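Keeping the supplied structure of chain A fixed, place chain B upon it in accordance with the hints.
As given, the protein sequences belong to chains A and B, one line each in that order. Each residue of the first sequence is one higher than the one before, starting from 1 at the first, in my numbering. Each residue of the second sequence is one higher than the one before, starting from 275 at the first, in my numbering.
Keep in mind the hints are simulated off the structure, nothing from the lab. The structure presented is a predicted model; accordingly, all values stated were derived computationally and were not measured. Idealized CB from N, CA, C, for every residue including glycine. It is possible that part of the hints are untrue.
Claimed, not checked - Cross-link-like lysine to any residue pairs, in silico, SDA-like; alpha carbons within 25 angstroms at most:
1) B/K413 <-> B/A398
2) B/K571 <-> A/Y92
3) B/K560 <-> B/T573
4) B/K593 <-> B/Y381
5) B/K413 <-> B/D481
6) B/K423 <-> A/F110
7) B/K342 <-> B/Y381
8) B/K423 <-> A/D89
9) B/K302 <-> A/R88
10) B/K442 <-> B/R394
11) B/K571 <-> A/D220
12) B/K430 <-> A/D221
13) B/K408 <-> B/Y595
14) B/K384 <-> B/R409
15) B/K430 <-> A/G112
16) B/K571 <-> A/D89
17) B/K571 <-> A/D118
18) B/K423 <-> A/Y92
19) B/K593 <-> B/Q331
20) B/K302 <-> B/D395
21) B/K571 <-> B/A504
22) B/K571 <-> A/N239
23) B/K555 <-> B/A398
24) B/K302 <-> A/A146
25) B/K423 <-> A/V158
26) B/K571 <-> A/A146
27) B/K430 <-> A/Q113
28) B/K384 <-> B/K430
29) B/K430 <-> A/D118
30) B/K583 <-> B/A504
31) B/K571 <-> A/Q227
32) B/K413 <-> B/A482
Said to hold, decoys possible - In silico negatives: residues of chain B with every beta carbon more than 10 angstroms from chain A:
33) L329
34) E379
35) Y381
36) V444
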Amino acid sequence: MIETAAPAVISEAALLEALRPVHDPELDESLVELGFLDGVHAEGGAVHVRLRLPTFWCAPNFAYLMADDARQRLLAVPGVRQVHVTLRDNAYAEEISRGVSAGQGFSEVFPGQAEGDDLGALRRLFADKAFGMRQEQLVRFLLDQAGLAATDVVALRVGDVLDATDATGLRLRLGHTERLLRGGAPLARLYLDRRRRLGLPHADAALLMTDVDGAAIAADDLPGYLQRGRRQRISMTFNRMLCRGLLETRYGLDGEEGRGNREGRRGDEGCPAL
Amino acid sequence: MYRTADGQDILVVDSHIHFWDGSPGNQKNRYAEGWVECFYNYHKNLSPPEYVWPLEQYQRYSEQQIMKDLFEDGYVDVAIFQPTYLRDFFTNGWNTIEQDAVLKEKYPDKFILNGAWDPRDGDAGLTQLEEDAKRYNLKGVKLYTAEWKGDSRGYKLGAPETLRYLDKCVELGITNIHIHKGPTIWPFNRDAFDVADVDEVATLYRDAGLRFIVEHCGIPRIEDFCWIAAQEPNVYGGLAVVMPFIHASPHYFAEVMAELVWWLGPDRLLFSSDYALWSPKWIVDKFMAWDFPEDVKATRGLSLSLEDKKKIMGLNAAKLYDLPVPSEAGFQVAVPA
Chain A
1 MIETAAPAVI
11 SEAALLEALR
21 PVHDPELDES
31 LVELGFLDGV
41 HAEGGAVHVR
51 LRLPTFWCAP
61 NFAYLMADDA
71 RQRLLAVPGV
81 RQVHVTLRDN
91 AYAEEISRGV
101 SAGQGFSEVF
111 PGQAEGDDLG
121 ALRRLFADKA
131 FGMRQEQLVR
141 FLLDQAGLAA
151 TDVVALRVGD
161 VLDATDATGL
171 RLRLGHTERL
181 LRGGAPLARL
191 YLDRRRRLGL
201 PHADAALLMT
211 DVDGAAIAAD
221 DLPGYLQRGR
231 RQRISMTFNR
241 MLCRGLLETR
251 YGLDGEEGRG
261 NREGRRGDEG
271 CPAL
Chain B
275 MYRTADGQDI
285 LVVDSHIHFW
295 DGSPGNQKNR
305 YAEGWVECFY
315 NYHKNLSPPE
325 YVWPLEQYQR
335 YSEQQIMKDL
345 FEDGYVDVAI
355 FQPTYLRDFF
365 TNGWNTIEQD
375 AVLKEKYPDK
385 FILNGAWDPR
395 DGDAGLTQLE
405 EDAKRYNLKG
415 VKLYTAEWKG
425 DSRGYKLGAP
435 ETLRYLDKCV
445 ELGITNIHIH
455 KGPTIWPFNR
465 DAFDVADVDE
475 VATLYRDAGL
485 RFIVEHCGIP
495 RIEDFCWIAA
505 QEPNVYGGLA
515 VVMPFIHASP
525 HYFAEVMAEL
535 VWWLGPDRLL
545 FSSDYALWSP
555 KWIVDKFMAW
565 DFPEDVKATR
575 GLSLSLEDKK
585 KIMGLNAAKL
595 YDLPVPSEAG
605 FQVAVPA
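Isolated chain B (complex conformation):
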């Protein structure tokens, strides 16, 4: 819980975090090494210096570390695991549901555990999804459409084999489909990178109740993402990777936020740190203190109230995941003790 200077409590749901294993022993090949190097440079480049870890710590961090960074220091009330398998690169996977489940089982109220599937796994994958859904009571999944699998360099959301999985999600009550659209792996061809396939499935599954959370807001195609999201009410923007720019480049951060708020409004944006890429503590501090610069306010007619920030920080995610919202973090103003 984040408390404002005048004593208001803000619910903080970090909607995109990892508990990965990038240690050398788990790296299968040079692609794994390149993956870790790339992630580490994102971390180093956009974190304030005092939050930069040594590489070894970054490759594999402890339970104590994640609990401290998220819940003791980082104001986070609930954090959502977004598994990313990458078994072609990492022997035991990069960040699998099993890895994350260890913490979920130990701290059931602190974490939401999402699943992951890949339509290229065919029938066996569908069976696995059913088992995972039952075992972990899944409400969401994370998809990585650019993941390598054998000779394949990715898949499309609108493909028939993907639709089978989305149908299964409807059947199992998995309503939050988080789609990685953004760095790190640049897909091979133009279309695998495009956010247009989100548009297709968002329309197709709107009535069935599926929500599509585009992680990283489609960077580097924010322009296309905004356009699609403006038209599809069940498309959301996950702010991982966007938010850390608040430190390095507040000016660009303001411009991108202006676009996002302009096209999506404050009801469809979700705070995420992408931990351990970045630590939530400084992002939350800076975002809560942040406002649109005067020129943006004047030229775009935009503003971001405390109520809007509450939505972005936690209430929007709470709605998607049916999380209880403590009354003091709701819309009413808390009375300081």
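In isolation and in its complexed conformation, chain A is listed as follows:
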């Protein structure tokens, strides 16, 4: 007997993978890692995704960006035809859930409230900040831990990153030699990704360390230049910790009463290169 082909079942794992690249732009971290994903499941070709945020007052514009990114990513999963997004417990929960699920833009849902062309400028501003943070982390690593000189760092080309996927370390070409820098690969991957997101040139001959607009940095200017990235890193990592803590408290994710309040509970988490 021949059965009619059942619709392909969309696995939760596939949905989760699709959502992993969705970032909170203010924190430059995946909403899956942050615990903002409250649940996702498919019913036939319709996917239901529930999001939650650290506070009732979390910004509607950032929430919208995340919810809309989640929808777009899920729509790209084979078999998905519809995405229903539900944002819980936010001052604007209803408007955001309804608007994003219907594929509307932020300014359609909140007329007169967004400035400029929807949320594009906001996204770009935070992509710049994320770039600054990730670049500072990588450059600090190259200077302080790998012992490179400032002149070496600013002269690096994209093609000098020989391998950033190796678990043993970052393989980097320095002049005519090749070095394996332990602990550097994750930082290099993050930096390359954020750089790509800004649309900076990725040909092998392109300079690896430029400012956010692609301009070269002089070795003498590097310490002053890095101050900006350091401020961005400290601010973003601090916000990340604040948001994680509030989410834990809000949804009781910190286990037994009082456990979340222990001293120094959030030491170095999320801050790989200091």
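Just chain B now, kept in the frame of chain A:
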């Protein structure tokens, strides 16, 4: 007054406190409920467990409680009320000048009473400001640029209607402009959140003598705040919300303090508990015992001496508000009895 192990007295001015009414009877709508829930989670998340209150107590606390927590247990000599109205959420307001005035009138030496205004109140608000200034002898105001008012979701400091109010402050001798830049309400659009408007008015009113104290140091935009504050000598950082991290995350606290001290120096930072969000007792104890970790000292070349801590704990605020500094809490070392 806080006394160090070797007998030095430290003046403690808590530059940001509240006497709010978040009780269910005062809550107008779900936004009020969301406001209280959010505040309570900040309190619960960042306080040591023994300082966490039940929600009911947190919604509305008594006069005895505030007097004990600040002045008996918390080392505070003078505390500054920073009113926040939120009349769209709370029937009688969240923390109004009238509410705070009850305690100010009863304990005139313990409290400084600041006012509050909102440029969206137009001419009527200006008249009210004049009356408040006269009645309460105001030296400072607290502004909440993200406050909801009718359909409006906030205002900007550089807007012409705001400048009228700042002009009025100059005229009335209200020189300390505390601006809430930080949690809880995330403003609607990017610009209402930005600290750039502080930059604009700080430049504009520098010669007129206005000082702009950015509450919460612009969290979550500390990076932009530091940049602005470094350039504007009349911009200060209010450490409310930053300080409690000394318990939960000493490492991040050290990093943020390093940035603040690096860009602003110890002369433009003000201790605040944001009571009743947090109780000053444990923050003061921990901060007085705190120092930059060795790696920060080495890589950033930073240090924080006892003299610097004295400034942050009280002397900076004393300067802004012309408070008398008892000679034993000044810069000279006290002789133990």
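Structure-based check of each hint:
1. B/K413 <-> B/A398: Status holds; Cα separation ~20 angstroms.
2. B/K571 <-> A/Y92: With a Cα-Cα distance of about 44 angstroms, the restraint between B/K571 and A/Y92 is violated, given a limit of 25 angstroms.
3. B/K560 <-> B/T573: Distance ~23 angstroms between B/K560 and B/T573 Cα, so the pair holds.
4. B/K593 <-> B/Y381: Holds - the C-alpha atoms of B/Y381 and B/K593 are around 21 angstroms apart, at most 25 angstroms.
5. B/K413 <-> B/D481: holds, 17 angstroms
6. B/K423 <-> A/F110: Given that 25 angstroms is the threshold and the Cα spacing comes to 16 angstroms, the pair holds.
7. B/K342 <-> B/Y381: holds, 13 angstroms
8. B/K423 <-> A/D89: holds, 22 angstroms
9. B/K302 <-> A/R88: holds, 21 angstroms
10. B/K442 <-> B/R394: Holds, at about 15 angstroms.
11. B/K571 <-> A/D220: holds, 23 angstroms
12. B/K430 <-> A/D221: Distance of about 35 angstroms is beyond 25 angstroms: violated.
13. B/K408 <-> B/Y595: holds, 17 angstroms
14. B/K384 <-> B/R409: holds, 18 angstroms
15. B/K430 <-> A/G112: holds, 16 angstroms
16. B/K571 <-> A/D89: Given that 25 angstroms is the threshold and the Cα spacing comes to 43 angstroms, the pair is violated.
17. B/K571 <-> A/D118: Given pair B/K571, A/D118 is violated - Cα atoms ~44 angstroms apart, limit 25 angstroms.
18. B/K423 <-> A/Y92: Holds. B/K423 to A/Y92 sits at ~16 angstroms (cutoff 25 angstroms).
19. B/K593 <-> B/Q331: Distance of about 34 angstroms is beyond 25 angstroms: violated.
20. B/K302 <-> B/D395: holds, 21 angstroms
21. B/K571 <-> B/A504: holds, 20 angstroms
22. B/K571 <-> A/N239: holds, 23 angstroms
23. B/K555 <-> B/A398: violated, 40 angstroms
24. B/K302 <-> A/A146: violated, 59 angstroms
25. B/K423 <-> A/V158: violated, 51 angstroms
26. B/K571 <-> A/A146: holds, 21 angstroms
27. B/K430 <-> A/Q113: Holds: B/K430 and A/Q113 sit about 14 angstroms apart, inside 25 angstroms.
28. B/K384 <-> B/K430: violated, 33 angstroms
29. B/K430 <-> A/D118: Holds, at about 20 angstroms.
30. B/K583 <-> B/A504: Answer holds: B/K583 to B/A504 is near 20 angstroms, not above 25 angstroms.
31. B/K571 <-> A/Q227: Answer holds: B/K571 to A/Q227 is near 16 angstroms, not above 25 angstroms.
32. B/K413 <-> B/A482: holds, 14 angstroms
33. L329: holds, 12 angstroms
34. E379: holds, 33 angstroms
35. Y381: Label holds. Min Cβ-Cβ 31 angstroms, cutoff 10 angstroms.
36. V444: B/V444 clear of chain A: closest Cβ-Cβ about 30 angstroms, beyond 10 angstroms.
When held up to the earlier numbered hints, the structure conflicts with 2, 12, 16, 17, 19, 23, 24, 25 and 28 and fits the remainder.
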